[in-house]
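Enquirer: Chains as they are written, first to last, in numbering that gives the first Met the number 0: chain A, 0 to 79; chain B, 0 to 229.
What the hints contain is simulated information worked out from the structure, not anything from laboratory work. Treat the hints loosely; a few may be bogus.
[As the list claims (entries may be wrong)] Cβ-Cβ distance ranges computed for the label pairs, FRET-style: (1) A:Asn63 with B:Ala22: 48 to 56 Å; (2) B:Gly53 with A:Ala74: 20 to 28 Å; (3) B:Arg112 with A:Thr56: 42 to 50 Å; (4) A:Ala74 with B:Arg14: 26 to 34 Å; (5) B:Trp32 with A:Leu64: 15 to 23 Å; (6) B:Tyr55 with A:Arg54: 22 to 30 Å; (7) B:Asp35 with A:Thr30: 53 to 61 Å; (8) B:Gln108 with A:Gly28: 50 to 58 Å; (9) A:Arg3 with B:Gly25: 51 to 59 Å; (10) B:Gly34 with A:Asn63: 37 to 45 Å.
[Stated by the list, open to error] Some chain A residues close to chain B (C-beta under 10 Å, calculated; not the full set): (11) Leu45; (12) Leu77; (13) Thr79.
Using N, Cα and C, we set each Cβ at its ideal position, and we do this for glycine too.
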Amino acid sequence: MKARIKITLKNGVLDPQGKAIQNALGSLGFTGIEEVRQGKYIEVDLAESDETAARDTVDRMCKNLLANMVIENYAFELVT
Amino acid sequence: MKASVIVFPGSNCDRDVKVAIEAVTGTPVNMVWHGDATVPASDVIVLPGGFSYGDYLRCGAMAAHSPIMRDVVRRARAGTPVLGICNGFQVLCETELLPGVLQRNASLQFVCRDVWLRVENNTTPFTSHYRRNEIIRLHVAHGDGNYFADAQTLDQLEGEGRVVLRYVDETGEITATANPNGAQRNIAGICDPTGKVLGLMPHPERLFEPALGGTDGRKMFESMLARIAA
Chain A
0 MKARIKITLK NGVLDPQGKA IQNALGSLGF TGIEEVRQGK YIEVDLAESD
50 ETAARDTVDR MCKNLLANMV IENYAFELVT
Chain B
0 MKASVIVFPG SNCDRDVKVA IEAVTGTPVN MVWHGDATVP ASDVIVLPGG
50 FSYGDYLRCG AMAAHSPIMR DVVRRARAGT PVLGICNGFQ VLCETELLPG
100 VLQRNASLQF VCRDVWLRVE NNTTPFTSHY RRNEIIRLHV AHGDGNYFAD
150 AQTLDQLEGE GRVVLRYVDE TGEITATANP NGAQRNIAGI CDPTGKVLGL
200 MPHPERLFEP ALGGTDGRKM FESMLARIAA
């Protein structure tokens with residue numbers, strides 16, 4: 000089973016990298032961009048086949064290491 | 000005084016801080032590898048600057064979960080003073096011994112220059128030899144020093160006198176231009192509720208003797224020695 004994990008900055012947390020990307024897109028001629036936020040995407044392959052157990056494991060992985068809950072949110076999906 | 004400096008893969012200020020501690024306090028320093036399970040008996044533990052684990056995932060995140068850090072956290076909770084410099088500050092935040100997080104500098108630029116700081120709390124084991132509100136000059140060198148915590152946490156830190164160092168201009172005024180990284184409320188260093196765990200972005204070990212171009216970092220090590228000897 001594979002976990003596809005998305006980690007994003009919480010609302011209100013400044014994202015200077017997103018801002019720089021937005022500016023770069025603007026300088027390339029892309030108009031109408033209201034905001035760019037940069038996050039992380041992580042895939043974890045699990046030997047676990049039970050979905051409930053996998054969900055619990057990935058949740059703990061996110062809380063303990065993959066996301067910093069001070070500034071980040073996480074969401075994930077499990078695919079077989 | 001017995002001091003230990005924790006060495007992570009990617010630490011690069013570990014030997015500088017060892018030299019500074021030994022020169023100022025006259026006692027040899029243990030260098031402790033990140034993979035070790037326990038810190039030798041120590042009166043003070045230092046987490047040095049650098050780029051532990053290549054700053055993978057988030058700066059300080061991997062180091063915070065290294066084997067030695069379990070013992071460092073245990074010692075800190077038992078009252079051993081812990082000083083985290085630059086990457087060490089980032090590690091302390093990731094272990095949650097200190098609140099908040101150090102984000103990418105607002106400018107997105109690595110900043111390497113001297114800064115002026117105001118010592119707002121001189122009751123910690125690392126700042127007792129400074130006068131309260133003394134203006135000092137130290138060096139910063141980091142890409143991720145932009146201190147962030149939510150407003151409630153910031154208010155609590157300020158209310159409890161836990162903002163130990165703040166970026167100011169040469170006259171002691173808190174200004175945006177004095178802030179090298181966009182840190183909330185110009186925060187350069189904070190301590191835990193006991194005052195014994197201090198994290199700061201500037202490097203006291205880089206300006207501790209005249210040959211280095213300044214001596215304002217020296218009192219941090221003298222404070223350490225005085226507190227331990229007392």
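Enquirer: Run every hint past the structure and note whether it holds.
Expert: A quick look at each hint next to the structure:
1. A:Asn63 with B:Ala22: 48 to 56 Å: 39 Å, violated
2. B:Gly53 with A:Ala74: 20 to 28 Å: 26 Å, holds
3. B:Arg112 with A:Thr56: 42 to 50 Å: 45 Å, holds
4. A:Ala74 with B:Arg14: 26 to 34 Å: Given range 26 to 34 Å: violated, Cβ gap about 43 Å.
5. B:Trp32 with A:Leu64: 15 to 23 Å: With Cβ atoms ~21 Å apart, the hint holds.
6. B:Tyr55 with A:Arg54: 22 to 30 Å: 25 Å, holds
7. B:Asp35 with A:Thr30: 53 to 61 Å: At roughly 56 Å between Cβ atoms, Thr30 of chain A and Asp35 of chain B fall inside 53 to 61 Å, so the hint holds.
8. B:Gln108 with A:Gly28: 50 to 58 Å: Taking Cβ atoms as reference, Gln108 of chain B and Gly28 of chain A lie about 25 Å apart, which means the hint is violated.
9. A:Arg3 with B:Gly25: 51 to 59 Å: 56 Å, holds
10. B:Gly34 with A:Asn63: 37 to 45 Å: 19 Å, violated
11. Leu45: With Cβ-Cβ at 19 Å, over 10 Å, it is violated.
12. Leu77: 21 Å, violated
13. Thr79: 26 Å, violated
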